[in-house]
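**Q** The lines below spell out each chain.
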Amino acid sequence: MDIYLLETIINGILLGGVLALLALGLNLIFGVIDVVWIAYADIVMCGMYLIYYLNAELHWPLLLACSVAIAWVAALGVLVHVLIIAPILGSAPINQLLATGGLLFFLQSFATLLFGTDFRNIGVRLPIIRLSGIYISSARLLAFAVAVAGAIALYFFLKRTFIGTAIRAIAQDRDIVGLMGVDQRHIYLVTSAIGGALAGLAACLLILQYDVHPFIGNTFGPLIFMICVLGGLGDMIGGFVAAFVMSQIISIGGFYFSTELSYVFAFTFFIVLMFLRPRGVFSR
Amino acid sequence: MTGRHAMFAGLAVVLLALPHFVPPYFMHLLIQILIWGFVYTAWSIMGRFGFVSLGHGAFMGVGAYVPALLWNYAGLTPWVGIPLGMALSVLLGLVVGYPCFRLKVVGHYFALVTLALSQVVMLSIVAARDVTGGSLGFTPKAVGHSWFALQFPEKVYFYAISLALWLTGIDRGIGREALDAIAEDEEAAASIGINVIGEKLRVTLISAALTALGGAIYGQYMMYLNPETVSGIAVSLQIVFAAIVGGTYAAIGPTIGALLTISLNEGLRVAFGTNFIGAANTIYGILLILFIIFMPRGIVGMIEDTFKRRWRGKTASTA
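Protein chains in written order, with this note's numbering: chain A, 1 to 284; chain B, 1001 to 1319.
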């Protein structure tokens, strides 16, 4: 096989890791609260800016900055739920999507106010690994490993703990869970916090690979919604697989054509699949 | 009904007289308000029946780029190019709309499918950068004052065009009853012989065609197109929000949305200057969230509700 193609495929798999992590957080919120946070990628952007600010401007150690960012984005997730989602939980689902769309405008323009439209990075560039002619970015490798570890941790949290079980139960049947003595509001808060924390973790991994700017959310935001829906609402494993399918389309499409066209393929693929399998590719 | 028509006629007279008094800068704002008001109205033709499309950036982009490209590369007059762009838009609406309605892709899913469509169009424009200029944008060849090229350096022409456009868009009562019934209860509507899919499709295609027309006129007026400003997720969301802020259930609502958002943007730009970039959208974003939480029917919807309560006694006695 062409060695460059192989490199492309490997990079695609590594990209899939971060996308999977993002899709996981979004999918959790999507599945449990039945809300689409259209500003999810922009919450990630907030995390990236915080790490940039703490590390590059205040010279905090990177690990400390990352930990603070994860906690902060988790808190942001709770805030989004309490301030925006909770008041309109009972109204049409599309209103909740649109309200977080307002948040998208707010976050993007607020970031522009604070930092301007410049591309910024923390100046840390991890080395490139060379493996029998194939070049792999170690930042991507790290992102992939952490994303997979995060997904596994989440899996065990959902399977093994009481609150995890309650979260899964609520995703299956919203009404009956209340009768079992589970407080929905409490579960929603925990879910939003976890969703936020996953966004924070993704921010840590992305800041190592990409420059942050106010509109970075627009580049991968739509993609992660598509991944979520393709995998099937609330279906974590489906979402995980879909992330890798989409990242391969983008990676290989980018190799043979151009980045933009590869995204065109990915979105077209999504539209077509929505018509073939409206409830997710892996639905029964 | 006659009262409402008289009100529109009065408004039209005022609008026709305006160019004689208003300085060019405000003329420019007014034209933008009318064109965007028309686009937002076109969106709400669908939106008010509960199909929240995030794909109207696609229709607008196609509508704007097709005539401009045909003009620059083939010398084809926009009088032909604009209908072609509208036709292509309708085709896109059909290809995506029909399966959506057939398979009952609704709510979140409908929003996300249409969002994907608007991204497909925007990224296609960027990807075809050899032809379209990509993210740098595209400038139609200017020939000065020309009816053939539909280019008028004098603002008054575009004012007249956009006013006519807006007036045709505002008064479309197309099949309201059938669609209201569908929005209320689809199965019941189908059971009394309403062709549910056909009705939904009709509204979608009209909305797509009008949005494309709005995009085309916007392009002809601005004489500059950019994939970010006429297509993609940002424009799609802008359309949805302005329509909602104004109120999608009233004919005038989306135009009020355009008036408010454009004045807010300009006001803040003038007040703070360009070094305070982002201030307008920060406030805009907060307003949107507040609107959706507290006033989902928009400004006009809220005003109507207030007046209806007051007038209820009066209308009851005349009826």
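Treat the hints as calculated values from the structure; they're not laboratory data. Misleading hints may appear alongside valid ones.
[Unchecked claim] Derived SDA-like pairs: lysine to any residue, alpha-carbon spacing no greater than 20 angstroms straight-line:
#1 K1155(B) - A1006(B)
#2 K1104(B) - L1018(B)
#3 K1141(B) - L1167(B)
#4 K1104(B) - Q184(A)
#5 K1104(B) - L233(A)
#6 K1104(B) - F269(A)
#7 K1141(B) - N1072(B)
#8 K1104(B) - D34(A)
#9 K1104(B) - T268(A)
[As the list claims (entries may be wrong)] Negatives, chain B to chain A, calculated, CB over 12 angstroms:
#10 A1006
#11 F1110
#12 L1117
#13 H1145
#14 N1195
#15 A1234
#16 G1278
[Unchecked claim] Covered stretches of chain A (chain B as the covering partner; in silico rule of three or more C-beta atoms under 8 angstroms from a C-beta of chain B):
#17 64-71
#18 84-94
#19 110-120
#20 217-227
#21 257-270
What you are looking at is a predicted structure, and each value in this text was computed from that prediction instead of being measured. Every residue gets a Cβ at the ideal spot worked out from N, C-alpha and C, and that includes glycine.
**Q** Verify this for me: three or more residues of the segment 217-227 of chain A with a beta carbon less than 8 angstroms from a beta carbon of chain B.
**A** It holds, with 5 qualifying residues against the three required.
**Q** Checking one constraint from the list: CA of K1104(B) to CA of D34(A), max 20 angstroms. Satisfied?
**A** Satisfied, since the Cα-Cα distance of roughly 18 angstroms is no more than 20 angstroms.
**Q** Given the hint that K1141(B) pairs with L1167(B), test it: the Cα-Cα distance must not exceed 20 angstroms.
**A** violated, 29 angstroms
**Q** Measure nothing beyond the straight line between the CA atoms of K1104(B) and T268(A); if it is 20 angstroms or shorter, mark the hint as holding.
**A** Answer holds: K1104(B) to T268(A) is near 19 angstroms, not above 20 angstroms.
**Q** Compare the distance between the alpha carbons of K1104(B) and L233(A) with 20 angstroms, and conclude whether the hinted pair is satisfied.
**A** Holds - the C-alpha atoms of L233(A) and K1104(B) are around 16 angstroms apart, at most 20 angstroms.
**Q** For the segment 110-120 of chain A, count the residues whose Cβ lies under 8 angstroms from any Cβ of chain B; is that count three or more?
**A** holds (count 6)
**Q** Per the coverage rule (Cβ-Cβ under 8 angstroms, at least three residues), is the segment 257-270 of chain A covered by chain B?
**A** Satisfied; 9 residues make the cut.
**Q** Does the structure keep K1104(B) and Q184(A) at a Cα separation of 20 angstroms or less?
**A** Not satisfied, since the Cα-Cα distance of roughly 29 angstroms exceeds 20 angstroms.
**Q** Against the 20 angstroms threshold, does the CA-CA distance of K1104(B) and L1018(B) hold or violate the hint?
**A** Violated, because 47 angstroms separates the two Cα atoms, which is more than 20 angstroms.
**Q** Is the coverage entry for the segment 84-94 of chain A by chain B consistent with the three-residue Cβ rule at 8 angstroms?
**A** holds (count 7)
**Q** Please confirm whether F1110(B) is truly not at the interface, meaning its C-beta sits more than 12 angstroms away from all C-beta atoms of chain A.
**A** violated, 9 angstroms
**Q** Hey, is L1117(B) genuinely clear of chain A, shortest beta carbon separation above 12 angstroms?
**A** Non-interface label fails for L1117(B): nearest chain A Cβ at 7 angstroms, not farther than 12 angstroms.
When each numbered hint is compared with the structure, violations occur for hints 1, 2, 3, 4, 11, 12, 15, 16, 17.
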